[in-house]
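Novice: The residues making up each chain are set out below.
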Amino acid sequence: MIARTALLALLPIVAVIALTQRRRLTAIIGMGLFSFLLAVSYLLLHAPDVALTEATIGLGLITAIYVLAIRRTGRLTIVADEAPGLFVREGDRIVGLEHEILARFARHLGLDLSVQFVPHRDVADLVRSGEADVGAGGWVPGEEAGVFATRPHLDTALFTVGGAEGEAGEGVPRVRYEGYFADLDPKSLYTAETPVTLDLARFLAVRRSDVPDGSVTRHPQPRGYAFVVNERRRDLHSALDAYIERLREDGELDRLTRRFLA
Amino acid sequence: MAFSVGVVLFGIGLVAIAIRRDLVIKLLALGLTNAGSILCLVAVGDRPDARVPICAVCRDAIYADPLPQALVLSAIVINFAILALALVFVMRLVEQYHSTDSRHIEDLVQRDLDARGGP
Amino acid sequence: MRPRPFHLLAIVCTVCVVLVVLLAFHSVDPETAPHATYVERPVAETGATNRVASVYLNYRLYDSLLEILVFFVAVLGVRFYLGARERPDVPPLAESEVVRTSAALLFPLAVLLGVYLAALGQISPGGGFGAGVIAASGLLLTSIALGIDAIDRRIRRNAIERIERGALLVLLLLMLLPLPLGHPAFTDLLPKGAPGAVLSSGAIPLYNVLIALKVVAGAWLILRSFVRHRGEI
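Chains as they are written, first to last, in the numbering used here: chain A, 1 to 262; chain B, 1 to 119; chain C, 1 to 233.
Source of the hints: derived by calculation from the structure; they are not laboratory data. All of these numbers come straight from a predicted model, not from anything done at the bench. Treat the hints with caution; some may be incorrect.
[Unchecked claim] Under the rule of at most 25 Å between Cα atoms (straight-line distance), these lysine to any residue pairs were calculated in the SDA-like manner:
id, chain 1, residue 1, chain 2, residue 2
1, B, Lys26, A, Thr20
2, B, Lys26, A, Ala192
3, B, Lys26, C, Phe80
4, B, Lys26, B, Arg92
5, B, Lys26, C, Arg79
6, B, Lys26, C, Val70
7, B, Lys26, A, Val206
[As the list claims (entries may be wrong)] Here are the in silico distance ranges between beta carbons for each label pair:
id, chain 1, residue 1, chain 2, residue 2, range
8, A, Pro220, B, Asp114, 52 to 62 Å
9, B, Arg21, C, Val73, 23 to 33 Å
10, B, Asp114, A, Ser188, 42 to 52 Å
11, A, Thr73, C, Asp63, 38 to 48 Å
12, C, Leu9, A, Ser188, 49 to 59 Å
13, B, Leu113, A, Val95, 45 to 55 Å
In this text, a Cβ means the ideal position worked out from N, Cα and C, and glycines have one as well.
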């Protein structure tokens, strides 16, 4: 039976492709396709009861509950890395200036707020690919394509730490470090080989007094913290800008800044 | 052939559980291991030139073995039960730690334990 | 993902396990095990032409009982853990009119298919589990079409819970009562009938319908909890 052999040989290929996807939704749909092929294989193996049950449960119920679990309707999805004063995890809750702004914004829109902590370098990618609505966490706009930044809500500066002398990177300096901020080790940061660029809030958290001279470079241009939105979500972008502007006019932004960054 | 494919699927699922960091993908891989085992069982009952074991009066023909098929029906339903409950636990975990990265969650748990000074 | 030594270890161990199992399987003679027991006897003994149904609802009845119990525990667990965070207002699951209309059209088909599979499980492929799941998927389709609030108003949770527990109770009684009385499980509640007829096979259609009721109620409760959950994954 050529058809059966071909179908059975196709199963591991589909499974591997489905499980190596980066997006969760694509993986779930891929496994749904796998379930369907599996059900047809059961038919070819003379097991119609099993085929029917696998098709209904594997393809119907399981795919349905996974998609329901990761659906984003009714939620405002934020991706961020931890940033002191702006976005910090405290036990069960998250506190910080940016979290407070976004929480109020979500309530204003009538949506649930959903926060995912991700490494800092992935924030722009996730927003660009549409997996998240807003990127935050001490994000400083550079020259990324495919995304918009809101008007900065707080001033900051960039510092490059470590690396060879004068190796501050080319082009517009951006916040750059590997992995999560909580994993950075202050002790080895200053003598590391690869330079790490941090914003003001993070730099203050890892600052030490006994650093070798010349290992810290301060970039002179003034920068500001902002939120990232996908360039196709103009409505969301303008709504967020308008909301922050209202906070600024009310003086609420100043009050919040003082509360979280005193 | 089907049995070999089933074992290979089980292996793929096992490797995916160990390697991928995203919790949801880990659960999908768990379901894959189950699908592989079930395929093995159904393949054992299949014979060359077999027919579906549904017949009013069975002639002298070779039929597929209905016993593994019946046992596998239960296995599929139990697989669904396990995945549903595991997904609920993953959702609670994500609500607590705001991340689906398993290694990051481990680090956060370790940080919480250190902050509290022991389990 | 950065490749780590642990990944290599996992791959090597898995490949070893897979090779060992494959070698073991292929080194054994594939004897065609005598399956006369489950192919020739069932029509005479149970009256069911679907041999698989006669296995899991007659010869292996208690396996099915335990499986129903596992499913029941899963429903309990999902409702318990997700019930605390239900949101009262759920935005519509599908934004387009086309999806909503076609979902509404498919619902009667789903219910019909469920009834058919449950009632004729003994003479054609199907059975209670598939029937219940298909009907629950149909209910999910209507909740996509009309909104979960409308469905919750019409199908009250109390009624669904009663159906689920009632079906489970009757199943437990039917399956467990004969044991202390020293009687094998009830298989002759209904007449055995002619093989291939709808009304045949003793108690098998009865079990199928009860299982289908239990599964449709349980699966709908699970799906409902997931739809209403306001979580953050």
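Novice: I'd like to know which numbered hints this structure contradicts. Please list them from smallest to largest.
Specialist: The structure breaks hints 2, 7, 8, 10, 12 and 13; every other hint is satisfied.
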